[in-house]
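Based on the provided sequences and hints, a complete structural model is requested.
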Amino acid sequence: MKKMIILTSVISSLVLTTVAQARDSISIAGSSTVLPFARIIAEQLGKNPNFKTPVVESGGSSVGKKGVCDGVGTKFIDIGNASSRMKVKELEYCEKNGVKLTEIKVGYDGIVVANSKKGKVLNISKSDLGKALTAKVAIKGKLVDNPYKKWSDVNPSLPNVEIRVYGPPTTSGTRASFAEMVNEKGYCKKDADAKAALKAAGMKAKKCRAMRTDGAFIEAGEQDNLIVQKLNEDTLAYGIFGFSYLDQNSDTLQGAVISKTAPTFENIAGNNYSVSRALYYYVKHQHIGVVPGVKEYMAEWTKHWSNDGALSDAGMIPMPKSERDKFKLAMTNLPVLKAADLK
Amino acid sequence: MNNKIISPSDALDIVKKSIVKRRSRDNRLKLFGRIAIGLAVCFLLTLFYSIFTKGYPGFFQYYVTLDIKFDRERIDPKGDLSDNSLFDGEASKIVNESLYSIIQPKGRKERKIAKKIVSSGKDVRIAKMVKNNPSLFGTTAIVKFALDDDVDSFLRGYIKRETPENERRISDKAIQFIDKLNEEGRISYEFSDYILSGSASGNPEMAGIKGAFIGSMLTLSVCLLIAFPLGVATAVYLEEIAKKNRITEFIEVNINNLAAVPSVVFGIMGLAIFISIFGMPRSIPLVGGMVLALMTLPTIIISSRAAIRAVPPSVRDAAYGIGASKIQVIFHHVIPLAMPGMLTGTIIGMAQALGETAPLLMIGMVAFIVDVPNSVLDPGTVLPVQIFMWADFAERMFIQKTSAAIIVLLGFLISMNALAVYLRKKLERRW
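Just so you know, the protein sequences line up as chains Z and G, in that order.
Note that this note's numbering has the first sequence beginning at 1, numbered continuously upward.
Note that this note's numbering has the second sequence beginning at 344, numbered continuously upward.
Just so you know, these hints were derived from the structure itself, not from any lab.
Values in this document were obtained by computation on a predicted structure and should not be read as measured data.
Keep in mind that a hint or two might mislead.
[Said to hold, decoys possible] Pair ranges (Cβ atoms, derived):
{"#": "1", "chain 1": "Z", "residue 1": "G71", "chain 2": "G", "residue 2": "E527", "range": "56 to 66 angstroms"}
{"#": "2", "chain 1": "Z", "residue 1": "L342", "chain 2": "G", "residue 2": "E527", "range": "53 to 63 angstroms"}
{"#": "3", "chain 1": "G", "residue 1": "G422", "chain 2": "Z", "residue 2": "K326", "range": "35 to 45 angstroms"}
{"#": "4", "chain 1": "Z", "residue 1": "I6", "chain 2": "G", "residue 2": "R652", "range": "31 to 41 angstroms"}
{"#": "5", "chain 1": "G", "residue 1": "K421", "chain 2": "Z", "residue 2": "K328", "range": "24 to 34 angstroms"}
All C-beta atoms in this analysis are idealised placements derived from N, C-alpha and C, irrespective of residue type, glycine included.
Printed below as a string of structure tokens:
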């Protein structure tokens with residue numbers, strides 16, 4: 001009996017380990033904002049008979065950045081997608097695991113606040129938008145729980161409609177970017193009252209990133225399509241999501257004008273629309289040449305990322321030519337990402 | 344005490360009244376039962392109605408008919424029909440030229456709009472055709488190509504002509520071209536040959552469920568091959584062979600607990616053991632099947648034990664009585680008699696595994712995978728994951744495709760359950 005047990009366990013572990021061979025398709029994971037663009041590139045590369053189509057996993061920016069840094073070896077992913085830049089702490093984790101990365105920026109994505117065409121266009125300053133959605137606001141020099149029920153309470157020029165905004169959950173990079181750009185930089189760092197109140201309370205502006213939890217901001221899940229559907233039914237509500245969803249639904253939805261700039265392709269590309277962020281992917285050096293097709297995958301991006309390429313068709317905002325050239329060069333030179341680059 | 348003596352006629356009255364009461368109570372119960380079933384049927388019908396009406400159009404899409412000249416030198420420059428040669432060929436240019444000859448676009452800008460009307464899978468379609476039938480070379484044939492998803496949405500009426508041009512995803516010029524094609528009778532609405540035989544794609548008009556379907560089959564096969572023998576063996580051991588003591592009780596409690604563990608936990612375990620320790624690749628159906636097997640094991644063990652317990656002891660006693668050994672009793676009598684119950688439990692467990700996505704998230708099977716897996720070692724995904732991913736994509740044509748995929752998944756589930764009912768009916772024995 002004992003012999004049997006030992007024998008079966010030896011055989012099964014042998015079987016399991018022989019399965020562990022080298023991978024022949026690229027493994028990518030990360031931001032769900034980058035995914036629709038990465039899947040276009042992956043599919044294009046897969047058309048080439050010399051390479052298998054890369055496997056693109058979703059999961060969120062943090063999954064991409066952590067996943068690529070987990071270690072060297074084909075059981076780890078080769079490329080991590082992210083809709084927010086790597087932080088020094090995240091890079092330290094990478095260095096601890098002996099992973100060398102190259103950062104490639106691929107384009108931009110605007111975050112829009114949109115509502116149904118049946119409602120009014122929201123014309124709001126970034127500061128007011130933050131004031132309406134952040135958890136704590138400054139009133140009479142003190143930070144208190146956000147008391148505003150209607151948009152007109154925030155600023156009398158805004159519509160007399162209840163504040164009801166659908167947005168992504170905490171795991172989302174879209175939400176993190178929105179909270180940083182609007183709540184923190186738009187409101188807490190610009191509004192004089194807020195600055196004074198923060199100073200009095202001895203708090204940093206980062207504390208402003210929390211969104212309201214009293215029902216004015218509603219978490220609608222990772223799926224942006226759900227928010228789009230809700231806005232079509234609930235014409236008084238607003239939603240926060242990536243530009244590509246507004247672009248696909250431009251006949252039923254309209255984007256809010258933020259700080260006098262409408263969320264159009266041209267405005268985001270021209271860096272006029274302030275709520276936008278860059279999209280990145282991080283390539284692991286040690287896997288280039290080990291997993292077939294990594295270099296070709298990188299090169300494939302350069303064929304589609306221009307102004308009239310397939311990526312901009314899918315809603316990605318292209319980079320200006322100078323930046324495109326810079327990152328195209330990085331694909332061949334492969335500079336190692338260092339902490340100093342991230343400051 | 345005051346036991347009143349009632350006359351027989353009074354007693355008869357009381358009994359008669361109580362009978363009426365009892366009957367009405369009886370009827371009420373029946374009525375409630377019928378209402379409950381009626382409600383359940385109503386909900387089911389509404390669910391099916393909404394899924395079928397939404398999903399039915401997903402099986403169809405718009406095609407354009409073009410005359411294609413199969414010029415060997417241009418399609419297959421090396422002349423050996425290899426993937427590389429066809430990849431180097433300019434099949435999509437030939438398709439575009441044929442399209443231009445009908446709608447006559449002027450200038451580079453118009454040609455660019457025209458080019459986008461036909462799906463980008465045109466070159467793949469031609470490559471497939473000549474591979475299957477090289478005699479096409481040198482001839483001119485009529486070929487149907489899928490239309491781009493925006494054009495499809497326009498023809499379905501989701502994108503309206505009345506909407507101002509800058510608010511819709513399709514330009515006035517493109518609409519003019521489409522009208523021209525329509526006038527010539529070149530546009531047709533047909534059963535989609537992509538939905539069932541295509542694989543995952545970023546272009547909704549080319550997306551299909553083949554990859555996910557095969558991935559599901561591979562994953563479930565692995566799951567069944569591991570979970571069924573292990574589960575039945577465990578159940579037989581615990582019921583027939585093991586002594587009832589503290590240890591077996593402890594094991595029993597743990598199996599019951601395991602059945603209630605959230606499925607995502609099995610995924611985390613799969614990541615820790617199969618991928619991190621054994622170093623197996625991510626995203627492969629083999630790992631997925633093993634994780635799902637761990638998840639369905641408790642279900643199979645519990646139902647198998649119940650089935651074994653339902654075998655009458657007299658059967659065992661009779662077998663022992665004529666001198667059968669323990670193993671003979673188990674293999675000749677207990678297992679065959681308990682088989683219907685075990686199979687039902689297994690199929691229900693498999694149906695549950697078929698619908699799972701959470702445990703697959705951790706091991707990388709929730710992913711965009713284009714290539715159809717050929718074996719359990721190729722990256723693959725499963726049907727529910729495909730549905731989940733399509734539901735989130737921005738392109739509008741994916742909405743119908745999502746419902747269509749749900750119909751396929753439902754069909755799969757219903758046939759599995761039907762199989763369970765059939766097997767039970769066929770193998771069942773009454774005593």
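Quiz item: Between Z:I6 and G:R652, does the C-beta distance stay in 31 to 41 angstroms?
Solution: 32 angstroms, holds
Practice problem: Mind checking the hinted window 56 to 66 angstroms against the Cβ distance between Z:G71 and G:E527? | Solution: Roughly 59 angstroms apart at Cβ, these two residues keep to the hinted range, so it holds.
Quiz item: In this structure, is the beta-carbon distance linking Z:L342 and G:E527 contained in 53 to 63 angstroms?
Solution: 58 angstroms, holds
Practice problem: Hint says 24 to 34 angstroms; check whether the CB-CB distance for G:K421 and Z:K328 agrees. | Solution: Cβ of G:K421 to Cβ of Z:K328: about 30 angstroms, so the range 24 to 34 angstroms holds.
Practice problem: May I ask you to test the hint 35 to 45 angstroms on the CB atoms belonging to G:G422 and Z:K326? | Solution: 42 angstroms, holds
The structure agrees with every numbered hint stated previously.
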